[in-house]
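Starting from the known structure of chain A, arrange chain B with the ligands on it as the hints suggest.
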Amino acid sequence: MAQKEPSLVSEQTVEGDEIIIAEQVQKWYYNQFHALRGVSLSVRRGEVVVIMGPSGSGKSTFIRTFNALEAYQKGRIVIDGMEVSHDVRNIEAIRQEVGMVFQQFDLFPHLSVLQNVTLAPIWVRRWKRAKAEEIAMQLLERVGILEQAQKHPAQLSGGQQQRVAIARALAMQPKVMLFDEPTSAIDPEMVREVLDTMRSLAQTGMTMVVVTHEVGFAREVADRIILMDEGLLVEEATPTDFFNHPQQERTRQFLSQIL
Amino acid sequence: MTHSSPSTSPKSGIVTWLRQNLFSTWYNSLLTVICLVGLFLGLRGLLVWAIAQAQWGVIAANLPLFFVGRYPDESYWRLWIVLGIILTLIGISWGINQRSERLFNRPVLVAAGVVAVVILFLPLALVPRLWLLAMLLLLLAGTGLGNRFAAQGNWLYLAWLLSFPIILWLIAGGLGWESVESDRWTGLLLTLLTAVVSIVLSFPIGVLLALGRQSQLPVVRLLSILYIEIVRGLPLIGILFLALVMLPLFLPAGVQWDRVVRAIAGLTLFSAAYLAENVRGGLQAVPPGQVEAAKALGLKSPLITMLIVLPQALKAVIPALVGQFIGLFKNTSLLSLVGLVELVGISRSILANPNYLGRYAEVYLFVGVIYWIFCYGMSFASRRLEKKLNIE
Ligand SMILES: Nc1ncnc2c1ncn2[C@@H]1O[C@H](COP(=O)(O)OP(=O)(O)OP(=O)(O)O)[C@@H](O)[C@H]1O
Ligand SMILES: [Mg+2]
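Chains as they are written, first to last, in the working numbering: chain A, -10 to 248; chain B, 48 to 439.
The set of hints was computed from the structure by calculation and includes no laboratory data.
Backbone N, C-alpha and C define an ideal beta-carbon position, used for all residues, glycine too.
Incomplete in silico selection of chain A near chain B, CB under 10 Å: (1) Arg53; (2) Leu58; (3) Phe94; (4) His99; (5) Trp112; (6) Arg157.
Next comes chain A alone, as it looks inside the complex (with noise of 0.2 Å):
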């Protein structure tokens, strides 16, 4: 991937190295459900933080507050210096910043896998299409794509589209992944090739939230991993002793169901 050009903005932040940090986050869906109750974390430049937690429990809640895709209510979210707020400009700034992955791809279908790649860069970030063309194409490489760029989406396996839409988010040349669940809708024999492309992600240094069920991916790159019930953090560690010396009871009831 191209350099990352020094960011101005880092350098105004009190909090130092940390790029994301969440306060007490609480949200209510339709002023009723209470989906986050009060969520803490702070994640350092680089850092690769693994959510794990049972289904409903907050995790994708949780990750997407972090770029304004859900309002939260309550509680406080600085990504990289700035502030989540209902100030659009703010929001649309914080995004730019904040690469997302989803379970479902969403990959445009309408669009060439270029032209999926390059359509932020050209419309948000404004470079020229060659540029834009050559910084996807060097991204598409990168992810294993390359032979599919004239294709569309719905010409390649789910392997390719996941990897398509990493490369979609990375060309905006954000500051931090988010990933949610990017796996769980992929078959089996192609979850390999998408993991192995998040990992030599982290290697290259990026700062990444992922929410995943891959025991395997999260002992191996994570360096922190908590886990979510019920719309609270129940447990934050490092992967070895979150799953060798799990401390609260609900953490050893969810491993012993998922390992």
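Same frame as chain A, but now just chain B with the ligands:
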């Protein structure tokens, strides 16, 4: 499509097709025979009438009247040029659409030759026959051009866009040309003019109304719903009466809108409400994940609508939209009831001529065929477009 398959001649292709589709088993053969007999019995009356009894002289004698009505003869050449521009552009579009195929193979050239010969022997004066030949050549040349320079296809949209004012200028005159007043725009010319302009105008309005109906702003949403529901509750003929008969009564003295403009406004406002509902269906078919993915990339919401939502929504409702356009085209016939002499209007005035008393069947059959050709053309083009978008 023009498949060039050197191994099978067209004839053996037809025979195989017949055998496979109509005579594959004994009961299929029986059904085929029964249907053919039924068809023949049913249509025999029509055929006998059309060949033996109908007096087609009324059509031949009034051809110019059907097509261009009372447009002044000395300016016919301007209409021929308009037709030439349109046919060239259609040819180019078709050529680009078929870029991957060899277009001018033998069957196509033979067909073009046959059409040329038919044109030469049409019961018309020499000049229109020469014009028609020129039109055929332009169509072929456009197709060849489009096929050859398909890579420059993006200019096509610009060309279509630019052709619009030029065509209007050619028809209406002015700006250095002798102007032709709008009450002389009649016949098929007026039908096409009102239909095309209304279609082109009502489409963006319909899209805006559909978006307005989903807007976050309550005022916009309410106004859109109000407009759509009111217009959908009114009959078109009522709206046209309002625009053409009642409106002048309300306007202050001295203010006058051209009648054609008022007719187009009525058709456009009517059609926009229906289009809006069709487009809304398409908008609802776009999965919410698409918008979220676009948001997550930092796109602003007008861009999300333009680049992500609308292309998918419109593609999903192409058949419904074209259905609307076809309906609008046929609805222009109602203009004859409010004093505009379009194709049906001119037919009625021809039938009022004592020389052609009682020639209803001939005239209306002819007019029906003309409507059918254009409507079928639209539906054919829409299927092509759909297929093209699906391959991409
Ligand atoms: N749009 C919504 N409206 C109402 N409730 C919602 C909505 N989205 C999520 N919820 C509820 O909020 C809770 C948390 O949902 P969330 O999707 O964050 O869970 P999750 O941990 O990601 O689960 P999963 O593993 O199934 O993806 C669930 O109980 C869910 O039913
Ligand atoms: Mg989830």
